[in-house]
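Dock chain B against the given chain A, drawing on the hints supplied.
Protein chains: 2
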Amino acid sequence: MAFTPVPFDAKVVASRISECPMPIGIASIREVNKVVNLIEQDLGVRYIRMEFGIPGLSLSPIALDGEKEALVEHQLGSVYPSFEGAPELKQATADFCHAFLNLKIDPKCCIPTNGAMQGGFVSIGVAGNITAGKDTILFLMPGFPVNQMQVRLWGLKMDTLDLYDHRGEALLQALENRFAKGDVGGLLWSSPNNPTWVCLKEEELQGIGELCTKYDVMAIEDYAYLGMDFRQNYGVPYKPPYAPTVAHYTDNYVILISGSKMFSYAGQRIGVMVISPAYFERTSAHLKQRFIVDNVGYSFIHPGVYATTAGVSQGAQHGLAALLRASVAGEYDFLKVTREYADRAAAMKKAFLDNGFQLVYDNDLGEPLADGFYFTLSYPNMTGPELVEKLLYYGVSAITLKTAGSVREEGIRACVSLTPVDRVDELAYRMQQFHADHPVESQ
Amino acid sequence: MAFTPVPFDAKVVASRISECPMPIGIASIREVNKVVNLIEQDLGVRYIRMEFGIPGLSLSPIALDGEKEALVEHQLGSVYPSFEGAPELKQATADFCHAFLNLKIDPKCCIPTNGAMQGGFVSIGVAGNITAGKDTILFLMPGFPVNQMQVRLWGLKMDTLDLYDHRGEALLQALENRFAKGDVGGLLWSSPNNPTWVCLKEEELQGIGELCTKYDVMAIEDYAYLGMDFRQNYGVPYKPPYAPTVAHYTDNYVILISGSKMFSYAGQRIGVMVISPAYFERTSAHLKQRFIVDNVGYSFIHPGVYATTAGVSQGAQHGLAALLRASVAGEYDFLKVTREYADRAAAMKKAFLDNGFQLVYDNDLGEPLADGFYFTLSYPNMTGPELVEKLLYYGVSAITLKTAGSVREEGIRACVSLTPVDRVDELAYRMQQFHADHPVESQ
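Protein chains in written order, with the working numbering: chain A, 1 to 443; chain B, 1001 to 1443.
Simulated from the structure, these hints should not be mistaken for laboratory data. Note that beta-carbon positions come from the ideal geometry of N, C-alpha and C, so glycine has one too. Check each hint, because a few of them may be wrong.
Within a straight-line C-alpha distance of at most 25 angstroms, the following computed PhoX-like cross-link-like pairs (lysine-lysine) qualify [said to hold, decoys possible]:
hint : chain 1 : residue 1 : chain 2 : residue 2
1    : A       : Lys201    : A       : Lys214
2    : A       : Lys239    : A       : Lys336
3    : B       : Lys1157   : B       : Lys1349
4    : A       : Lys157    : B       : Lys1288
5    : B       : Lys1201   : B       : Lys1349
6    : B       : Lys1390   : B       : Lys1011
7    : B       : Lys1201   : B       : Lys1390
8    : B       : Lys1214   : A       : Lys157
9    : B       : Lys1104   : B       : Lys1214
10   : B       : Lys1214   : B       : Lys1157
11   : B       : Lys1104   : B       : Lys1201
12   : B       : Lys1181   : B       : Lys1157
13   : B       : Lys1157   : A       : Lys288
14   : A       : Lys34     : B       : Lys1108
15   : A       : Lys108    : B       : Lys1034
Over the 10 angstroms line for every Cβ pair with chain A, so calculated as not near, a few chain B residues [as the list claims (entries may be wrong)]:
hint : residue
16   : Glu1031
17   : Tyr1164
18   : Asp1251
19   : Val1328
20   : Gly1330
21   : Lys1390
22   : Tyr1429
For reference, chain A alone in the conformation it holds in the complex (with noise of 0.2 angstroms):
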């Protein structure tokens, strides 16, 4: 097969990178996204886009069914969302809690949000509200750089540590040296991890649990990849393994359950927050100050997700209640659907390892990390910046890690997500091309 010689034109290439109001190398997705368009349509070339971070899947048929059947034969269409949530997805949602996080949890406590996006920004404003002083939210780094943007908007603070320096024990100690300040009111991170695929292990779950209960801090879950550390298969309803949590080991916890990658679900913006019974039930006089109420689960609710959007779409929160239900009946294996990101990045860190890239953060307490929606990217001698903008010319567009606020400079995020296997041998000719033109020279 004859693929597109690389590299492309030079000076259009070029011509569009300058013509970015920022260096390409630190410029948003979206500018990305922009210059690779418009290269794309100069030259009818096609690129290996790893800028995003979106789903490349198709939402179920099980979904919209779901959709229809509330808005058509429920006519639910002109009836306000209770306050709280349909009853059908805070159920469907404890199921699945119970079926693949062998998690058990009262339905009040699943409260649903327009994304994780909303669960993320009513999460983090009630973390940093619940006690006075206690208004700095700390973050597991790198990551969605959003959330850092829902701090600012609360006008709270915030602070950082990266889990390249920090795994294990350095990670627990670490955490504990800045909780013992006192003025953390909440913790984030993800895990699977946006943008390095890293996993928490179960031991450093229950360190991080251990240090939010006695520390007093809220641990924010962000779980948009729940279930997706493709080494163990969490996918059977009921029987172990159970995807881990922090769950376990603390009462100060909220779960980020997000439909846009586990379930492709991302055009609807529909999420749930699960909110750990004991928080729920605590009560706060601070918190009152801005969320009008003391009552802590009640605060979530409203005025949280109510006083920002009047609750959730009807459809969407009963599409993905259907979704749950299938999965958790065992009639829907979303992590059997979703390992095809496993493939596509297995096949595609091949493609670069095997042309003098490595990965950056490339091991889980020395195991190797999970095949999934992301992984991180360097060439020997290059900047993040640099190799964003040389492999522009050889028709493969991504991002830097410090985008994402990591602390390697010469890092980049690799999402596969619009990278079918069919591809891989395009994007491995244009890595051989690349290699081939930018040698590494002996250290």
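Relative to chain A, chain B alone:
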């Protein structure tokens, strides 16, 4: 026709009222609703339900077809919505503003939201953060209480001005006095007004607009009931009379459009912010502190809508776009459909006014109020809380005006949406009994 006799069994009603954790006269909609549901079950009776402000009509199939096309044909359920909103909805909103408000606006200034609730939340946040020291949001009262919660969530300040005491010149004078203190960043009102159905006159809107320009205040026009002043027919596209708006009188405006009442689309949480093009292009260094960007227009989008919900459901965006297009094309007359509320209001008002009740807010600068979604009531020698409680014995449920922040201690709010005209005879019977049992002494 034989109606269920009133008053209902006093022991049962009193017992359920006593279970409410607060005096029923000052309880929230939700609490009143709970008490009434229980009495209905206990006694097998049906109340005239006036406490809810929810649509009582059906969602048009036009919306359902629009949603279906987006999700089934275009498979958008798995595709993240764009930050700025779906181009189809942005264009349809711009056309709608042209056709019904005589307002020409760039589609880029039309930003979809998860209901007008999110529009209000984001607008208040931006309004209070554009200029250092201008962190107070002023409300024309009475109003929708949740907007005031939003101010507290943002950590901003609020102040109020009641429309009962302030109309016409008095309103403008009071506004100017308040604006002159220099701390007001935003002014929010609804017209037609929830809960009084007061409609601001063109000269009032003109004065408000000019003052917002003079004192650099963001005019936040909550237009949830756009065009529903049924004394006029604003429903013929591209033909006068056009629904009045402050947008003709200032460059500092945001109009909050809501699908919930105009199109009975409350279940899917869909609205649009229409932002003044001149305002959209402004920059503010102070804004950056919390909103990251210094461009005012962009701040509504990113982080505004983006960091709270990552955009708006694809289905609902395309459903509303379809409704707006049909309205602009003259194929769907949304004001003919919602005129049903005016018919209900006229009949219900008569049942009350014939039996000793009075309107509290009763005129627009001398002109009788329009019939619409809400009206306000009082009964001689009773406070609002007393009236709410006593009416429960006669099969009528409502909330006090105090709940909506009115200065009028004697008032209650009546929402007509759940009372079809064919139940008004029963209402009249009940109010005759009420009147007979509560004779008004001549003063």
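Hints and how they fare:
In summary, the hint linking A/Lys201 to A/Lys214 is supported, as the alpha carbons are separated by about 20 angstroms, within the 25 angstroms threshold. Between A/Lys239 and A/Lys336, the direct Cα distance comes to roughly 16 angstroms. Compliance with the 25 angstroms bound is thereby established for this hinted pair. About 37 angstroms separates the Cα atoms of B/Lys1157 and B/Lys1349, which puts this hinted pair outside 25 angstroms; it is violated. At roughly 15 angstroms between alpha-carbon atoms, A/Lys157 and B/Lys1288 fall within 25 angstroms of each other, so this suggested pair holds.
The suggested pairing of B/Lys1201 with B/Lys1349 holds, with an alpha-carbon distance near 23 angstroms, which does not exceed 25 angstroms. Annotation: proposed proximity of B/Lys1390 to B/Lys1011 holds, straight-line Cα distance about 13 angstroms (limit 25 angstroms). With a CA separation close to 35 angstroms, the supplied pair B/Lys1201 and B/Lys1390 exceeds the 25 angstroms bound. Our distance criterion of 25 angstroms between C-alpha atoms is broken by B/Lys1214 and A/Lys157, whose separation comes to about 35 angstroms.
For the hint pairing B/Lys1104 with B/Lys1214, the CA-to-CA distance comes to about 23 angstroms; that is within 25 angstroms, so the pair holds. Pair hint B/Lys1214 plus B/Lys1157 holds up; C-alpha atoms about 21 angstroms apart against a cutoff of 25 angstroms. Distance hint between B/Lys1104 and B/Lys1201 is fulfilled; the C-alpha atoms sit about 21 angstroms from each other, no more than 25 angstroms. For the given pair, B/Lys1181 sits about 14 angstroms from B/Lys1157 by alpha-carbon distance, which is consistent with the 25 angstroms threshold.
With a CA separation close to 15 angstroms, the supplied pair B/Lys1157 and A/Lys288 stays within the 25 angstroms bound. Under the criterion of a C-alpha separation no larger than 25 angstroms, the hint pairing A/Lys34 with B/Lys1108 is consistent with the structure, at around 18 angstroms. Using a Cα cut-off of 25 angstroms, the hinted pair A/Lys108 and B/Lys1034 holds, with the two alpha carbons roughly 18 angstroms apart. Against chain A, the non-interface label of B/Glu1031 holds: every CB pair exceeds 10 angstroms, the least being about 13 angstroms.
No beta-carbon of chain A is positioned within 10 angstroms of the beta-carbon of B/Tyr1164; the least distance is around 25 angstroms. Here B/Asp1251 stays apart from chain A, with its beta-carbon at least about 25 angstroms from theirs, past the 10 angstroms limit. With 10 angstroms as the threshold on Cβ separation, the claim that B/Val1328 sits away from chain A holds: the shortest Cβ distance comes to roughly 21 angstroms. With a minimum CB-CB distance of about 23 angstroms to chain A, B/Gly1330 clears the 10 angstroms threshold, and the non-interface call stands.
For B/Lys1390, the shortest C-beta to C-beta distance to chain A comes to about 28 angstroms, beyond the 10 angstroms cut-off, and the non-interface label holds. With a least CB separation of 29 angstroms from chain A, B/Tyr1429 remains clear of the 10 angstroms interface cut-off, as annotated.
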